[in-house]
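Turn these sequences into a full structure, and let the hints guide you.
From first to last, the protein sequence lines are chains S and H.
Residues 1 to 315 (the working numbering) are what the first sequence spells out, left to right.
Residues 1001 to 1315 (the working numbering) are what the second sequence spells out, left to right.
Note that these hints are calculated values from the structure, not bench results.
From the three backbone atoms N, C-alpha and C, an ideal C-beta is built for every residue, glycine too.
Mixed in with the good hints, there may be bad ones.
Chain S stretches covered by chain H per the calculated footprint, using a threshold of three residues with CB under 8 angstroms from any CB of chain H [unchecked claim]:
hint, stretch
1, 73 to 87
2, 120 to 132
3, 155 to 164
4, 254 to 268
The calculated BS3-like cross-link candidates involving lysine-lysine, where the alpha carbons are at most 25 angstroms apart (straight line), are [to be verified]:
hint, chain 1, residue 1, chain 2, residue 2
5, H, Lys1150, S, Lys150
6, S, Lys278, S, Lys293
7, S, Lys78, H, Lys1179
8, H, Lys1293, S, Lys78
9, S, Lys293, H, Lys1179
10, S, Lys179, H, Lys1275
Number of protein chains: 2
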Amino acid sequence: MYYLGIDLGGTNIAAGIVDEEMKLVHKASIPTEAKAGAESIVARMAEVARQAIEGCGITVDDIKSIGIGSPGAIDPEKGVVIYANNLGFSNTPLAEMLGSYFPGKAVYVENDANVAAWAEAKCGAAAGTENSVTITLGTGVGGGMIINGKLYSGFNHAGGELGHIVIREGGRPCTCGRKGCWEAYASVTGLIHTTKEHMKANPDTLMWKIAGSLEKVNGLTSFDAMRKGDAEAQKVVDEYLHSVATGLVDILNILQPEVLCIGGGISKEGDYLLKPVKAFAEKEMYSRFNMLKTDIRIAKLGNDAGIIGAALLGV
Amino acid sequence: MYYLGIDLGGTNIAAGIVDEEMKLVHKASIPTEAKAGAESIVARMAEVARQAIEGCGITVDDIKSIGIGSPGAIDPEKGVVIYANNLGFSNTPLAEMLGSYFPGKAVYVENDANVAAWAEAKCGAAAGTENSVTITLGTGVGGGMIINGKLYSGFNHAGGELGHIVIREGGRPCTCGRKGCWEAYASVTGLIHTTKEHMKANPDTLMWKIAGSLEKVNGLTSFDAMRKGDAEAQKVVDEYLHSVATGLVDILNILQPEVLCIGGGISKEGDYLLKPVKAFAEKEMYSRFNMLKTDIRIAKLGNDAGIIGAALLGV
Chain S
1 MYYLGIDLGG TNIAAGIVDE EMKLVHKASI PTEAKAGAES IVARMAEVAR
51 QAIEGCGITV DDIKSIGIGS PGAIDPEKGV VIYANNLGFS NTPLAEMLGS
101 YFPGKAVYVE NDANVAAWAE AKCGAAAGTE NSVTITLGTG VGGGMIINGK
151 LYSGFNHAGG ELGHIVIREG GRPCTCGRKG CWEAYASVTG LIHTTKEHMK
201 ANPDTLMWKI AGSLEKVNGL TSFDAMRKGD AEAQKVVDEY LHSVATGLVD
251 ILNILQPEVL CIGGGISKEG DYLLKPVKAF AEKEMYSRFN MLKTDIRIAK
301 LGNDAGIIGA ALLGV
Chain H
1001 MYYLGIDLGG TNIAAGIVDE EMKLVHKASI PTEAKAGAES IVARMAEVAR
1051 QAIEGCGITV DDIKSIGIGS PGAIDPEKGV VIYANNLGFS NTPLAEMLGS
1101 YFPGKAVYVE NDANVAAWAE AKCGAAAGTE NSVTITLGTG VGGGMIINGK
1151 LYSGFNHAGG ELGHIVIREG GRPCTCGRKG CWEAYASVTG LIHTTKEHMK
1201 ANPDTLMWKI AGSLEKVNGL TSFDAMRKGD AEAQKVVDEY LHSVATGLVD
1251 ILNILQPEVL CIGGGISKEG DYLLKPVKAF AEKEMYSRFN MLKTDIRIAK
1301 LGNDAGIIGA ALLGV
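The structure is reproduced here in structure tokens:
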């Protein structure tokens, strides 16, 4: 038997087939065309799902269950997307709607950050643990928590907003309406913000040469300039990593997961990210004198975490 | 049948009898004499436990189980206090040691902040919920989390350190070694710190009259002066409540409990605390557009939460 996972994004829908060894064996992708509305989006989800099934050389009968990772606030018990702004969903019964294309199949829906965490917990960097957290340092900072072997997102399924904890009271405005959220500093967007601040203050930094202009600054600018020995870039990276580690230790002090996985674009920096963050945690976390400490790791499944985690909702 | 609960503190040991309706029916107290060492402390725990049993007019046979709330890092599965600085405990098998005085009785041990949260969840302000958080605004800021009906404190039982999340990166030094922790602003100690800062800056504030001197400032100084119309005291209280609410919304954004209880000395301020904090949360929490929102309440069991929660570990 196989599991079908669908990663529903604002731009693309990806579907994949996961086997009983939790391996992604085939995937397919299609544009979301979000503006066409929920009926159309679900029809396209069904289409890309069929493409994945056929491309894998199996039939619908070989599929045990279907899982969907969706943006927004989800009620996983009812299979309903309460709201997802970028898709125009509002109390959309996604499981039921997609289920009508696949009669008799169980369809599960979860938040996209949660399914990524679920994937890492089942067959990624946190495999074999009952308690883990996965944070994603991307455009924003997302997160998912597995507690006692189950995804946990609060009594109303609105929790796990790990990016929206304030690390600088009164600081940078955050997309959520607060000021000084972790996301405003630790996301790629936050890193770009910090990079630009330092470039403006220092016309001689190598970051100008690497980026070309302020508009072209990206998440790599500071890391690349640092690796070439630029002192100002080193300051940007240090400041960035300090903020990443600050929020991360906050989460450790609250949740003490067995493993904390760091995913998202910045996680490709590997040891440039992991080593300083681990050193900071070792120094600052409340449990530093404990025998048992959280293992901080780079997430393993990359962009496939969404598909795999969605597929494994039925496991 | 009855449950016996012991609240082990650095200064006093309190023991109490809780009936099957989860009501505290009798309690007794004795000095800890912590310097005399673990053997002596346990002997005193047994003594005050017997006093509570006798004072209640029952016998040991009427006790179903015994629970202990202890400071420090606890391994509740083994009944061991891994360390508790103020008691000089280090890998102390507290359950076994106390059990030797009460043969055949099950003895449970948990962290003191956790048992207080457990009490509020079982028969206090969060009764009837499966997911709740209790924070204690006292000398420090403590916390406990109930997730899916169970106390959760991480894979190593070192989590739930809710006071040790940074709300001001680089801010006030915290007892834990970090800078800018929530505890450094939201505890009574933090409030006193802020009160003194404002008094030094303003020789005309009524707070000088109320406190008498800087040394005599306490957690009531600013609240009392505010109620008498002092503008500077209002600033202190506003600043304090802003910090309390900031950390509290962080916790909501992560955990989304059904109920969040606020306990500890400051919680006696009642609506002076609760109303502004709720208004702030309503404005800032990520889930403010959700139908289901965390209910923020003042904790109900006060100083008895420790005894009651310990007793109810066996329920």
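Do the hints match the structure? See the list:
Counting residues of the stretch 73 to 87 of chain S whose beta carbon lies closer than 8 angstroms to any beta carbon of chain H gives 3, which reaches the threshold of three, so the coverage claim holds. Judged by the Cβ-Cβ criterion of 8 angstroms, the stretch 120 to 132 of chain S is covered by chain H as claimed, because 3 of its residues qualify and three suffice. As drawn, the stretch 155 to 164 of chain S meets chain H at 9 residues by the rule of a beta-carbon pair under 8 angstroms; at three or more, the given contact holds. A count of 5 residues in the stretch 254 to 268 of chain S with a Cβ less than 8 angstroms from any Cβ of chain H is obtained; the coverage claim is therefore met, three being the minimum.
Restraint check: the Cα-Cα separation between H:Lys1150 and S:Lys150 comes to about 13 angstroms, which is no more than 25 angstroms; the hinted pair holds. Between S:Lys278 and S:Lys293 the CA atoms are separated by roughly 11 angstroms; this keeps the pair inside 25 angstroms, and the hint holds. For the hint pairing S:Lys78 with H:Lys1179, the CA-to-CA distance comes to about 43 angstroms; that exceeds 25 angstroms, so the pair is violated. As the CA atoms of H:Lys1293 and S:Lys78 are separated by approximately 18 angstroms, the hinted pair is consistent with the 25 angstroms bound.
For the hint pairing S:Lys293 with H:Lys1179, the CA-to-CA distance comes to about 21 angstroms; that is within 25 angstroms, so the pair holds. A distance of roughly 21 angstroms separates the Cα atoms of S:Lys179 and H:Lys1275; the hinted pair therefore holds under the 25 angstroms criterion.
Violated hint for the displayed structure: number 7, the only one.
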